[in-house]
Structure formats: C-alpha cells, structure tokens
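Asks: The lines below spell out each chain.
There are 2 protein chains.
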Amino acid sequence: MRSACISVKLGIRERLSPSCGSNMLSCWLSRLCRGFSTPTGRITHLSRGSLSRTLVLSSQRRIPEFSSFVARTNTCGELRSSHLGQEVTLCGWIQYRRQNIFLVLRDFHGLVQVVIPQEESAAAVRKILCEAPVESVVRVSGTVISRPPGQENPKTEALRLQYRYLDLRSFQMQYNLRLRSQMVMKMREYLCNLHGFVDIETPTLFKRTPGGAKEFVIPSREPGKFYCLPQSPQQFKQLLMVGGLDRYFQVARCYRDEGSRPDRQPEFTQIDIEMSFVDQTGIQRLIEGLLQYSWPSDKDPVVVPFPSLTFAEALASYGTDKPDTRFGMKIIDISDVLRNTEVGFLQDALSKPQGTVKAICISEGTKYLKRKDLESIRKFAADHFNQEVLPVFPKASRNWNSPVAQSILEEQRSGLIRLMEIREDDVVLLTAGEHKKACSVLGKLRLECADLLEARGLVLRDPTLFSFLWVVDFPLFLPKEENPGELESAHHPFTAPHPSDIQLLYTEPEKVRSQHYDLVLNGSEIGGGSIRIHDAELQRYILATLLKEDVKLLSHLLQALDFGAPPHGGIALGLDRLICLVTGAPSIRDVIAFPKSFKGHDLMSNAPDSLPPEELKPYHIQVSWPANSEAEKSSLNQPYCPES
Amino acid sequence: MRSACISVKLGIRERLSPSCGSNMLSCWLSRLCRGFSTPTGRITHLSRGSLSRTLVLSSQRRIPEFSSFVARTNTCGELRSSHLGQEVTLCGWIQYRRQNIFLVLRDFHGLVQVVIPQEESAAAVRKILCEAPVESVVRVSGTVISRPPGQENPKTEALRLQYRYLDLRSFQMQYNLRLRSQMVMKMREYLCNLHGFVDIETPTLFKRTPGGAKEFVIPSREPGKFYCLPQSPQQFKQLLMVGGLDRYFQVARCYRDEGSRPDRQPEFTQIDIEMSFVDQTGIQRLIEGLLQYSWPSDKDPVVVPFPSLTFAEALASYGTDKPDTRFGMKIIDISDVLRNTEVGFLQDALSKPQGTVKAICISEGTKYLKRKDLESIRKFAADHFNQEVLPVFPKASRNWNSPVAQSILEEQRSGLIRLMEIREDDVVLLTAGEHKKACSVLGKLRLECADLLEARGLVLRDPTLFSFLWVVDFPLFLPKEENPGELESAHHPFTAPHPSDIQLLYTEPEKVRSQHYDLVLNGSEIGGGSIRIHDAELQRYILATLLKEDVKLLSHLLQALDFGAPPHGGIALGLDRLICLVTGAPSIRDVIAFPKSFKGHDLMSNAPDSLPPEELKPYHIQVSWPANSEAEKSSLNQPYCPES
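Chains as they are written, first to last, in the numbering used here: chain A, 1 to 644; chain B, 1 to 644.
Chain A on its own, in the form it takes in the complex (with noise of 0.2 Å):
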C-alpha cells in the first residue's frame, strides 16, 4: 500500500496544453481539485492505485511489459515497495495538485503521487507544475521513495466508502459497475426474450422464516407484529409455480444480517430462477446458456457445458464442495501403497477401520518451495486441524535431511511415484486419518500450496481462466451441530430427494443424496439450487417427521402444495461474488456502488443511526439499551466517526 514519490523532470512536447479541449471538463477538475484540499480527501488517490492495481495484476500475466519501445519505465498503477530507491520515468495526464506539494499522476494502469520540489534551484520546474491545468499531460523522472511519514492512511478503505461518489470515478469502479449492468442485461434477454421467463418482483416485507435468526426484523404500526427481511425469495417463487407462472426469475435483492462478517453484505443480489416440469440436467443447461450468452465479449468464451463431481468425488479429489479446477495437485488415495510403512502415524492411522493415507504432489515443489515453506505447512496442519503431515521428495535429487520422510521404503517410493506420476523435482504432502477429515485437511494445504507457489512466480491459476463446475448428489441432511442425533437439512427443507434414494428417507435419511446441485467458479461457490418437493405429503414428513419443525409456520406453502404443484425447481446465482469473478475485484464491494462497510456501516451517510425515540413511538418499540451504554446514549447525534 505504498505510493511513490518522485522528484520531476517535464517533458517538452506535452507542455501544458489540456489534452481535452472541453472547458467543462477543467473547470469540474479544479473545482474537484479544491475538495481534495481538505485533509479528508487526501488518500483518495491512493485507494485509486489500489484498485487499479487489479488491473496490473491480471494484465501482467497476459501482457507482462507495458513500458517496452517507450519513454516511460514503468507505468503510474505499477510502483510498489519493491521498487523504492529505483531510477523511474513515467508519463500520465495531471489528475489534481494538492496545495502546490504534490500532484497526482495518471494512466491506465492507475495514479501515482509525485512530489513538486520545492527547492530554489527548481523553481522554473515548480512554477510550470503548479500552473499547469489539470489534465496536461506530462514526462517525469525521478526516484521511488516511501509515502512520507505522516502521509500514510491506515483507512484507506473506510475513505473510500466515505467518499464514494469520488471512488466511483475511477477507472475500475467505472468499469466494474458498467460490466455487471451489461452482463445483466443479456441474462435479461437470455431468460425473457429467449426462453420466456417471467420477471416477477416478490416481496421483501415477509414474514421470519422457521430458522430464520439471520433476518432483519421491521416493527410494523401494529403492537408487538413485525415484518422480516428474506434471505431470499425461496417461497414465493414456488408459489409462483403453484401459481402456474411456469417460469420466473427476477433479479432479487436478498438480505443477511451476520453481523460483521469480512466481504458479505447485509444486502445482496442473487439472479433468482425457478421453472416447472423441469428437472436437474433442464436447469444446469439453463445456466450453461445463460453465462455463455451474457460472458463478457472481452474474456475468453465459456465452454459448455461445464463438468461435474458428485459431492463424494469433490471431497476425495479437492477435500472440499467447491474445488477450484483451474490447477491439478489433487488428492490421492495412497493407502495401499503404503500399507506396509514403518511411519508411526501412517501405521497407526492404517490399523483403524476407516484408516486412509492421502496425498498430494507439487511439482517442482523443490524448486520453488523452501524448507521455511514446507515447515509453515507443517505447522499450518497442526495448528488447525490437529493433523500431521509429511512432505516426501520421492524422485528428488537433493537430500531434504527428514529422518522421517527417509523412513519410506524403496519399494514404496516406487508405487508413489507410479500412482501419482510423479517427476524430478515434485515435492509429495502426506497425511493420514478418516477420509474426510484427510481429505479436508489436504484440500486446504493445496490452496496454502498455490499461493506459495504463486508468490514465488509460478502461474498456476491462469487469471485469464475461468473454470465452471457442477458439485452434485449432496446429502440431503446432515447431523445437527450441537446434537448429533438429530438431522438438519443440508440446504433448506424444500430440497426433493434423489429419486434413487426416496426409500431410504423411512429407514437410513442421513444416507438420502438430495437433488441439490451447487455451481463453482475458480473455488468460490457462485449459485445453488435443487429440485424441490412437490408432494405435500412429502414435504410433511420430511419437516414433520424429520426436521420436527413447526409446521404450522409454513402451513401456506404446504397448503398451495395440497393444491396442485407442478413439479419444479430452480436456482439462485450469487450476483455479487459472480461479477467480482469476473472483474477480478479483490472484493464484492468493488463492484456494488454503494456497500457497507464490513461492520454493516453505510459510512458515507452513516447509517444505521440514532433515532430519537417519538420516532420510534409508532412502532411501539424501545431501545434496550445496554447497562454499560449510558456513554453510548449521551453520545447521540454526536458528530461522524468513522470506523477504524
């Protein structure tokens, strides 16, 4: 987070004229010139290198030098620590000038603050920089320097939510919030004017729903009655099927109130689908055709339709429900050929019933890891999961020294090196246990791994590269956390079964597969949905009988069910993580206009905020305030402090 500072040479050739003829548009500029005087402002400039910074990043990877056959040596968005105490020549359009000391440069990778020397002997230099109009476009040359003391902005991201009318001018919040407009434009087309979906706006007044301790609750004129916000339009849109709508969807704004959780929102988007008479394979060649159509024109094309791994494959292969497919490392089953080691924790693990040895391999893990890195794994296994891991160097020619790892046989490493095709110079990861905490466990240090990898230089996961995946055959429910006797749906209680598995819901339900099908984009899990139950009676037993839910809570639903449903299921795509994807945003607050802060706080209007209690009185409501809160209240309609 670091900008550069840099003393100045100007070019001749680009001297002073703007290099837009519009008056308008200088006259905007310096007007916003004079608002980035007060010391509130003054980081702006420095969010807006972080986010260009994205755009370097990815384009890096595609175009590595942007400064070849050129007078410049690096470009504005492109400084970083790394280059402190460098030689630089950069050239950019004059953004704004803070107080004649400094003035902010720009191009199309991002901004750089550049220092005005102040000295006597570049008084002819200074003079023209500081009468220069906004947008001149200049040459200077100078040496990296850190920010000055003083001048750095721990906040920088509570600035740019304060002032987000300035961040949304920049590049990439330009570019961001166009693109997601556009791509939802042509899944609008995609879905009514190609395939006859109906928009329908459902309410977001509603009443909670069973489970629903994540609501936002809304006192209502009525003593003691409140509404809630939904977490998503779930039952309405089967009541539309009931209702013989036969196609929905709408663009829904959902609501989440987790507290302070890092890059969630108290208010989201989700493209919210639902059709009749239809069923799994209907709907994912649905969203096959919906991303293929509404892809951005400047990415490669998406490729349908997308592969698929039941949840038993993702686990055993990726050790999680939404691998990232873009790399290999995939987890092996070694057990058998190790049935034999002389390893304490591989034999202990092996002697027991469910006992597994899995494995994953790095390759070229010798060349790009240190022995710091793989100890840092080691450790990381430990710390978290309790679990021991061991890196092997099977065909390395170096000598690790790991009196352990030396302990494999020959025969062994023989059978490694065949099962997981394993090269000069691969690093293996073992580890050993039940399978699915195995796996798990696995699963992250393959992550841990690539960013390793990556932060030594080696590409693994291709930026330009987005890879589809459908995760099937889900559990229908799962063991309750805090009582493990009792079952919980694994996604909502609305989810059909796997049509093979409807007999074992009367005898063996923790082993029902349900038809829910979750979409995974680059690791991050961006939309799920299922084929729902249709049958009341159905629905009954399994929230009844099964769940032991209050039924009477959904006594509407259950009762349009009675009524006639078709059959039916859908889908909802997380709008938010989807687009942040696809921009390569470092977070779903890039690409929303106005987001919240992680605490929830709109910080730029400072929201939520104090209300004086006759406005309250309608809604019959008080605030509990806490025993400790007395400063708290005395506090009210005090001035703005924005959160650290």
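Keep in mind the hints are simulated off the structure, nothing from the lab. Mixed in with the good hints, there may be bad ones.
Copies of the same chain are indistinguishable here, so a pair counts whether it falls within one copy or spans any two.
Under the rule of at most 25 Å between Cα atoms (straight-line distance), these lysine to aspartate or glutamate pairs were calculated in the DMTMM-like manner [as the list claims (entries may be wrong)]:
1) Lys186 / Asp199
2) Lys599 / Glu222
3) Lys186 / Asp246
4) Lys299 / Glu288
5) Lys617 / Glu482
6) Lys617 / Glu481
7) Lys186 / Asp300
Once you've looked at the hints, dock chain B against the given chain A.
Replies: Below, chain B without anything else, positioned relative to chain A:
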C-alpha cells in the same frame, strides 16, 4: 359481484373428451378439484370471474358482440345481475367441479358457476356432468339466477390474497404479470441498449432522510442505531451523477409506511432515472421515447411528443395538477359575462378583489342527468367544499324550474352560450369564489359528472385511449400547512428553481417556479421528476435559509456537490400504477404478484407476525405494549384470522 347459476343441457358434439390429451394436466387438475372441495377454496372462481370482468368491460367497447354467428348467447365472463332471469346458452371448458353440486365453466372472458341439476328427471345429465373430466368442452343452457343465499362471500378480495397462488392461475393475473415483465424488459432495452444507461442497484438499508416520517425503521445490532428503508433512491442517484456514472436507471424497490391507505402498498416499484448534462426537455423526450418503445403491441401506439400544460394552466382548465384529458368539459372563467348578475352568491364573489365565477359545460346533460343527479352534485360541493354550485340550462327547451337559474339574464345567457359554445341539451354548472378554490371544486365536479354520465351509458373516457400529459412549472415552495408563514418544498429540496426565477429566491421565494415536471396519464400521476440543484451553495441556501432544515443530516450530499457535480436531472415512473392503467386493472394489487392488503398485511403468510422477545434481543429493542393490549399479548401465535 353476482355469479350466475344456470340449469344445464349438454351438447353432443363436445362430449366428454378432455380438450388437451395430457394425462399430467388432468392429473393436476383433478388434484386441484380436490383442493377446492375444502371450504376455503369456495369463492376463488368468483374472484376470477370478477377479475375477468375488466377484460370484458374494456373489450365490450371495442368489439361489442362476442356472441354473433355462434351457438352461445353470452360469454361466461359477461353475466351480471342485469342478466338475472334471462335464458342463456354458454360454451366453454369445465374448469372444476365442487361436490357434484356445482361446476365452474370457463371461456376466454371469465368463469361462471353452473348448478348441476339434482332432481331424478335429470339423472342422465347429472351423471355425465359429474363424470366428465375437467377441461371437457360443454354447451349449457339455462336461466340466470342469483348466487344461492349463503354462498355470497363478502371477503372475496381477502380470500384472493390469502390463496394468492390460486388467484395467480387466472387468465387476468397471468396477463397482467406477463405484460408487466415484457413492458419492463422493453424499457430496459430502450435505456440500456439504445441509450447507454447503466442499471445500478442502490441500497435499501439507509439512514433516515430529513422529514422521512414515513420510512420503516430497522433496528441494527448496535444499541439505539437504526437503518431506514428509503422512499426512493433520490440521494443515491444524485451521488451517482457526482460519481460520473452519467446515465443511471434502476427498477427500484421503494418503501413508504403510510399505515392503512386504499390502493397503496408499503413496498412499491419505480422506474428510477437520472442523467447528467440534461435539461427538462431532454428528460421529457427520453420518457416519451421510453413509453413509445415499451408500449404493448396489442394497444394503440403512443403518440409523441406528449402535450404539456403549466401547473397554472392545468389548475385553471381542469382544477387539478393531474387532469384527465381524455374528455373536455374544461373550466371556463365567466366572470366577465356575469359581472352584472343578480344572483346573490355570484354577486358576493365578484365584489371581492380575487373573486371569480367559473363554469363547466356538461354536453347533453339534460338528456343524461336527472334532477336528483344535479341535487347530489350540489350537495357534494356543499358538503366537501362548503361551496355553492348552480346548474343552468342556457338552451334547454325543458324548464327545470330552478328559481335561481331563472335569474340569469337573457344577455348573460347568450354571452354564456357564445363563450362556452353551449349546444342544445347542455347543462352548465356555475360556481364562484377565489380562483384556486373555484377551480378545485369544478375539477372535482367534472370527474363526478363524468362518472354519472358513464353510469347512464354515455362513454366519455374511451377505455382504449391513453392520454398522456406533462404538467410543468410547479411552484418550488408551498406555505407550510401548519404554519403558512414558513415554506416547505413542493416536491423535494433538491429541485432546481426555474432559471427565469432565480433572483426571486432572494426576494420573493414563494413566487419561484421549479424545474419539476409531472407525467399524467388519464388523470393519474404516473411519474415526476426535476432538474436538480448541482451548486452546493445554492443547495445550502435553500436547505438552511429558506427551508430551515438541519443540513447536518445531508452533509454527505452537500459535500458531494462541493466536489464537482455535473448539471443533472431525472424522473421516477410509478411502475405499479402505470401497469395498472395499461392493463385496465381495478387496483394496483392486480398487477403485483403478492400484494399486501390495504392494512399492509400479507394475508397468505400472515405477515407482519409476532416474534418472541428473545428474537428481538440482538437488536436491543423491546415492544412497548399499549395499556389496553394485554388481550392482544395473550393471543400471540393464535390461529390465523383474516382481516375483514
């Protein structure tokens, strides 16, 4: 609200074969049948019949005779209490059957309930009718009777809302929702694809806006801090212009807590638009193009540009700022003609400095209006406006024996005839008083008379006609109702003053006209907008000096204007109202999939609902129970009881 009940004779040709060969369809429908045998389903067909009436009404005027050249005498949707006792023949499909006593017959116009004969002599017919699969085509003949006593249901609309998923299956609801989806899609195409607008979602968890007493409040997890649900994205869309987004639109969900109001919804939708570097004419041309482009193809095309009236002209000619321009009957100032009147109340009015005499001319009024109609009009004006109204008959051959009317002198009579272009059989309504009051009264009477004339069979307001109108040059401020010495914004405080009136801001602000514009369709306001203030100093002056608002609540917006705001303006169209007018629906509830009742209840799910105190704890609120509500408290979680 009567359904017909008819004795039955089966046609031969159409005998008993389901019209659609699908087993699945008849399977669903027979389940639906079972559903309807519960008492709750009882009146659903009535509501569908009532829905379809709209279709019939509007179609009757275009194609008055649906039953020419065919075996039927009437359509199913057409029967009214005026048909009682008539022999009719109907053709249609069996929609469903109820306990072998009734069957409901459907055609393209609606539904009718048919009594299945129970007497021995009709056993054969009865057998056939009771065994015919639903969707069989039949022809029935019989006498129209009243719905049997005890089967009327006064709670028809409440039940439609409670069983909304059944109501949605009706032709009319399907038509309304599909037309809404298509029209919005066309609007998006026009805005996004043809004119480069960016679809941007703005937050609904916001803070209280000044004067936002109608905003729902949402407690947060911070004690005493509340979000509010905004009434419109007004502030956000202006901030987007400051942020350089240039052209924004959103199909925006908005919220307004007005308690119980007929034909209002606590959540509603507007087509929300804002543009930079635009003037009033630019917005008007944009909206005319938008409506023209998105207008349903089964209606007459929209003709542009729309006519325009100033606020002053609309008031003078129609007595309202939202004139229904589908018919004439304009208000005429006849002060000069009656300057020497001997009629007391006219004399009184004209003797005052601001006194006027105004009139409207009811074409063929003597033919269509009865004496009691004119009496009720006079009573209406007296009761609601404390205003005297005098009917006169300048060219009527019939003598109406009104002693006051006879005191209109002959020369005044001929003056009136010339000025108002009065013809044989016309009736003129006179009133007198201050300009605005006299116009308002006659504006109301104009609509009352139109209702009366149409009830007598005259078609004044062609239901196929869509008469758009711009109303412009509103006053910027109005005197506060509770304190007429102070000013409040006529619309909102961000509205820019009319360029010609800027100087008046500092001398006579009450005379300043605004750059606000309303869009009116057939007498309903369907949109409104304005050019906004983009100068921070002017905005501060209006907020602080003229309106005496606390500018701290809007500091973020004022600061944003300081940072360089482009000239900008926008508009919002009320989507629910617009679709309601386009479809001819009797209520906005008929163009919303899941509307709230007029008390703001979701009658299907029973929202708002009670919450146990522990669910309020995270939000640091408790219910302030009114003193007399112990009974209500104890009724928590009682079975659902629909509102009457």
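Asks: Hint by hint, note whether the structure agrees.
Replies: Hint-by-hint comparison with the structure:
no. : hint            : verdict
1   : Lys186 / Asp199 : both (14 Å within a copy, 12 Å between copies)
2   : Lys599 / Glu222 : between (30 Å within a copy, 10 Å between copies)
3   : Lys186 / Asp246 : both (21 Å within a copy, 21 Å between copies)
4   : Lys299 / Glu288 : within (16 Å within a copy, 36 Å between copies)
5   : Lys617 / Glu482 : between (39 Å within a copy, 22 Å between copies)
6   : Lys617 / Glu481 : between (40 Å within a copy, 23 Å between copies)
7   : Lys186 / Asp300 : within (16 Å within a copy, 29 Å between copies)
Checked against the numbered hints given earlier, the structure satisfies every one of them.
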